[in-house]
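Protein sequence lines, in the order shown, are assigned to chains A and B.
Per the numbering used here, the very first residue in the first sequence carries number 1; after that it's consecutive.
Per the numbering used here, the very first residue in the second sequence carries number 1001; after that it's consecutive.
Certain hints may be false.
[To be verified] Straight line, CA to CA, 27 Å or less: simulated BS3-like cross-link-like pairs of lysine-lysine: (1) A/11 - B/1071; (2) A/115 - B/1075; (3) B/1071 - A/111; (4) A/111 - B/1075; (5) A/12 - B/1075; (6) A/124 - A/11; (7) A/12 - B/1071; (8) B/1075 - A/124; (9) A/76 - A/93; (10) B/1075 - A/11; (11) A/67 - A/95; (12) A/93 - A/11; (13) A/124 - A/111; (14) A/11 - A/102; (15) B/1005 - A/111; (16) A/12 - A/95; (17) A/95 - A/76; (18) B/1005 - A/124; (19) A/124 - A/93; (20) B/1005 - A/115; (21) A/124 - B/1071; (22) A/11 - A/115; (23) A/81 - A/93; (24) A/115 - B/1071; (25) A/124 - A/95; (26) A/95 - A/111.
[Stated by the list, open to error] Across the chosen pairs, the derived CB separations fall in these ranges: (27) A/30 - B/1094: 20 to 30 Å; (28) B/1075 - A/11: 21 to 31 Å; (29) A/64 - B/1004: 46 to 56 Å.
Simulated from the structure, these hints should not be mistaken for laboratory data.
Being a predicted model, the structure only gives us computed values, none of them experimental.
Beta carbons are placed, not taken as given, at the ideal position from N, Cα and C, and that holds for glycine.
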Amino acid sequence: MGSRLVCWFSKKQNSIELSTVEAKYVAIASCCTQLLWLMQTLQNIQFTCTPPISILCDNTCAINISKNPLMHSNTKHIPIKYHFLREQVLEQKVKLEYGPSKEQVANIFTKPLPKETFEYLRQKLGVVVASSCC
Amino acid sequence: MEDSKPVCTPMVTGCSLSSNDESTAVHQPTYRCMIGSLLYLTGTRPDIMHAIGIVGRFQANPNESHLQAVKRIFKYLQGTLNFGLWYDRDTNVTLHAYTDVD
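Please construct the entire structure, taking both the sequences and the accompanying hints into account.
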């Protein structure tokens, strides 16, 4: 929210995906559910958040699947529940945007990173030395 | 553990832990306690979340190599004791979402 972290999780996906795109697509769908929940909560406490909210993802293919209502032979086995994302995109509640991998904060939750990248992303997450901010 | 040498990252890059390697088994309750205390910490330290997720998978049958990975997380924390999440007063409320998989 703004540039601060409010909600995060990192977990092993409970289904097996055949391709990166598919795995990303599923991850975006679950990210979208969290986002909708946050939007509701914010609206309940009278904060206005204007949709569409952007989801940043470093894979353009997954973004294209969500835009294109056609069924491709490689995506037709993705369970329908994950296509709820497509509906949200159509309703303009969320929008998917491409963000380069380097700026991708969520990277820190998915793999062990080398020192420089790790420290950069950690600072972007808002994890800082307590004494430096007061 | 208090006077261990601090390290920069909670996990080695390209590290591959496996559940069926041959090193000696370690005391499971101790291992679980360590994971538990680390999980408690994720509330303010999202940076170690991934590392804990990985080592937590071996709770059923932990051995020496997994314990080493857990100890590395503690060594990382040793070097970054004063870190925490920081929310300043003038944060605005525009939502952004980031997502990634590996």
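Query raised in the report: Checking against the hints above, which ones are violated?
Result: none
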